[in-house]
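Please model the entire structure based on the sequences and the hints provided.
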Amino acid sequence: MSQSIFGVVSLIFWLLIAPLMIGITFNFILPKEKKRLGITFLLGFLIYVAGFEIIAIPCMTKIMYNAFSYCVKYYVILAWVLMIPGIIKTALAVFKDKDLSKLFYLKKADAKNNRTSTASSITGSDELEIADPDVAKKHKIETYIYWGIFFALLAFQMVMAILMASFDGDDAYYVVESLLAQQADVMNTILPYTGISTSLDIRHALAVITMWIAFIAKVSGIHATIMSHTVIPLIVIPLVYLVYVEIGKSLFRKKQEFVPVFMIIVSFLMMFGNVSIHTPATFFLMRTWQGKAIVCNLVFPLIFWIFLEMMEKKEEKAESTGVEQTTEKVAAKAGIRQKISTASYGWIMLIFVNMLSGMCTAMGVIFATGLIGLLTLILLFIKKDWKVLIGAFICVIPNFVYLALYLSIWSS
Amino acid sequence: MYGIFMECWVDLKLYGGNGVLLALLIISSIYLITSEKDLKKKILFGILPLVILVGFLVPFTKIAYVAAFDDGKDTYYRIMWLIPTYVTIGYAATRALSRVKRDTVRRCLLPVMLVIIAVTGSFVYTNQYMQRAENAYHIPQNVIDIVDEIAPAEGEPRVRAAFPSELVHFVRQYNTNILMPFGREMVVTQWDYYNAVYEVMEKPEVIDAKALVEATRQTKCTYIVMPDNRTIKGSLTDEGLVIRANIEGYTIYEDPQVEAFNG
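In the order they appear, the protein sequences are chains A and B. Here the first sequence is numbered in the working numbering, starting from 1340 and rising by one per residue. Here the second sequence is numbered in the working numbering, starting from 354 and rising by one per residue.
It is worth saying that the hints were derived from the structure and are not from the lab. Treat the hints loosely; a few may be bogus.
Computed spacing ranges between beta-carbons, pair by pair [as the list claims (entries may be wrong)]:
(1) K1477/A - P464/B: 17 to 23 Å
(2) K1446/A - F413/B: 47 to 53 Å
(3) K1477/A - R452/B: 36 to 42 Å
(4) V458/B - F1345/A: 53 to 59 Å
(5) V468/B - A1494/A: 20 to 26 Å
(6) K1593/A - F413/B: 38 to 44 Å
(7) K1593/A - P464/B: 23 to 29 Å
(8) K556/B - I1423/A: 32 to 38 Å
(9) Y1483/A - V458/B: 49 to 55 Å
(10) F1506/A - D424/B: 17 to 23 Å
(11) V458/B - F1506/A: 21 to 27 Å
(12) A471/B - Y1483/A: 19 to 25 Å
(13) G1712/A - V468/B: 38 to 44 Å
Idealized CB from N, CA, C, for every residue including glycine.
This is how it looks when you write it as structure tokens:
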């Protein structure tokens, strides 16, 4: 019993609190209005897993015996180093200042919403005209109902991830890799199918997502197969939908009441998307814990979201100047750091997204590079600013390092 | 070149299943191209999906992909993952809804859209590869029971056991202290490997007890897990094996002559 409680507490800590604290440490890179809880968590999660890649690959390639134990030890140290500033910031905000807005961007809901909806009825030709407060209130209730339906669908998918078991042959490789790390303290040096020792299988080894799952299994004392099949979907499914929510918010910038409708449609497409074994929806709900599933359902939508945000910037800047007229002091305080973050947070996040893609599968690195190249051309066309090429080049550096490492190990 | 185009077409058909998802994608993209005023949205979710879709069908793309990836022929469909399919369809549908001025019509249209998605799609939880989980591991309970019976105690050397094909995927997902003479690599027929134990245990209709024991002893298998419905010429017990247990239709034979593998 006490072991189960320890396991659950550890899971909550290492899967929710650790990424959130890391996100709070680093959310200074986000523009003010992006410092929301969800994006902070997303940023923290990306840095958290990127840190694992940096620790795991050297441990795997350089340490002969008990490689996984060393990996766990070093990663715990790194995770704490990344978390501590976030913990201090949180403690100060909660206990000293008693003001959570020091950590996150909190929308002053009512006043602002009313202002926005009134403004939107005047400005946007593309918007619902809500001048009457009664109508606005009715729409607000409707929006809450739609959000309620979406969260019910999300909860359903999470419950089904626990209750239903899917068969996939690849688990005999990936899940066993995680379990071998947990039970035999090795990192990809035992053949999962039969158990004989083998040299490092470079084709799969650099995709250390299996080792990260093993890490969570190890620190929580939960069997790696339970971790893969039952626990990981509980974090990946909401995370994927969080990205879709952010995409929805970018798409319906002035019509936020349609975001839950968009989410209901997307979640239906996911649940009924099993038209073949190859679709992202099939991977999402049947092989959630596998690197390929994470690449096509988390990494690629993340890339689209970040580019959507970067393409929006000019407009947003103009908008935010209007809003910030009332809070000039705050804007002045944010100063140059805010300007830098507004210009570059997308590229910085893409660095970590690329690291996540490499952590999931080698194929992800090549696909992500190609997709970023394609979207950069579109960004260049829209913004007509050659500096985007610099950002694009910097953000794919992890991919080139990954490929260089891949080729050097492969040829040695 | 036409042959490669047809391969791409077949890949697309295999990816799209009944084709409705692809049809919805194309309709959504065209709708966004014709009606979206915001240039970036028009390009990202209108033009780009169609460009990638056309690019997928161009033979040169497949030639380059197959050259770049070892398993390129089998994984070419993954190019389709670059299309933001769900965002495109979701955005187009929601945008269309948001243009409807009358609340009642809009409220009725959403369920209609969802019904179309549900009826034309395929519910993932009724898939033939999905079933109710028997335990938190999400592997068959009989595998757990069998492995618990033969697993070495803590500190004892690992053991090797020959399992029938239908169980090999799961054994080491539960306990990596069980080694196997063959695993999933033998079950995937297109990989076409050779394994001496597999040759005598899984390939023939009738198992030759003598040949099987000879092969398992060479590979130091302490246990053989045999489905009760398999026909055996001769008897494994006559070859010196003892029956350890019978669990849910599988008999576990132990070979006293094979010392535990000390790997």
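- Task: Confirm or reject the claim that V458/B and F1345/A have a C-beta distance inside 53 to 59 Å.
- Result: holds (55 Å)
- Query: A471/B and Y1483/A, beta-carbon distance inside 19 to 25 Å?
  - Reply: holds (24 Å)
- Query: Does the Cβ distance between K556/B and I1423/A fall inside 32 to 38 Å?
  - Reply: Given range 32 to 38 Å: violated, Cβ gap about 59 Å.
- Does 17 to 23 Å hold as the CB distance between F1506/A and D424/B, or does it fail? Given range 17 to 23 Å: holds, Cβ gap about 21 Å.
- Query: V468/B and A1494/A, beta-carbon distance inside 20 to 26 Å?
  - Reply: holds (21 Å)
- Query: Is the distance from the Cβ of K1477/A to the Cβ of R452/B consistent with 36 to 42 Å?
  - Reply: 19 Å Cβ-Cβ, so the 36 to 42 Å window is violated.
- Message: Within 17 to 23 Å: is that where the Cβ-Cβ distance between K1477/A and P464/B falls?
- Response: holds (19 Å)
- Could you see if the CB distance from K1446/A to F413/B stays within 47 to 53 Å? With a Cβ separation near 49 Å, K1446/A and F413/B satisfy 47 to 53 Å, so the hint holds.
- Task: With 38 to 44 Å as the target window, see if K1593/A and F413/B comply at their CB atoms.
- Result: holds (42 Å)
- Query: Quick one: are V458/B and F1506/A within 21 to 27 Å, going by C-beta?
  - Reply: The hinted range 21 to 27 Å is violated for V458/B and F1506/A, with Cβ atoms some 44 Å apart.
- Item | Distance restraint evaluation - Y1483/A, V458/B, Cβ atoms, bounds 49 to 55 Å | Given range 49 to 55 Å: violated, Cβ gap about 21 Å.
- Could you check the hint for me, namely that K1593/A and P464/B are 23 to 29 Å apart, CB to CB? holds (25 Å)
Checked against the numbered hints given earlier, the structure breaks hints 3, 8, 9, 11 and satisfies all the rest.
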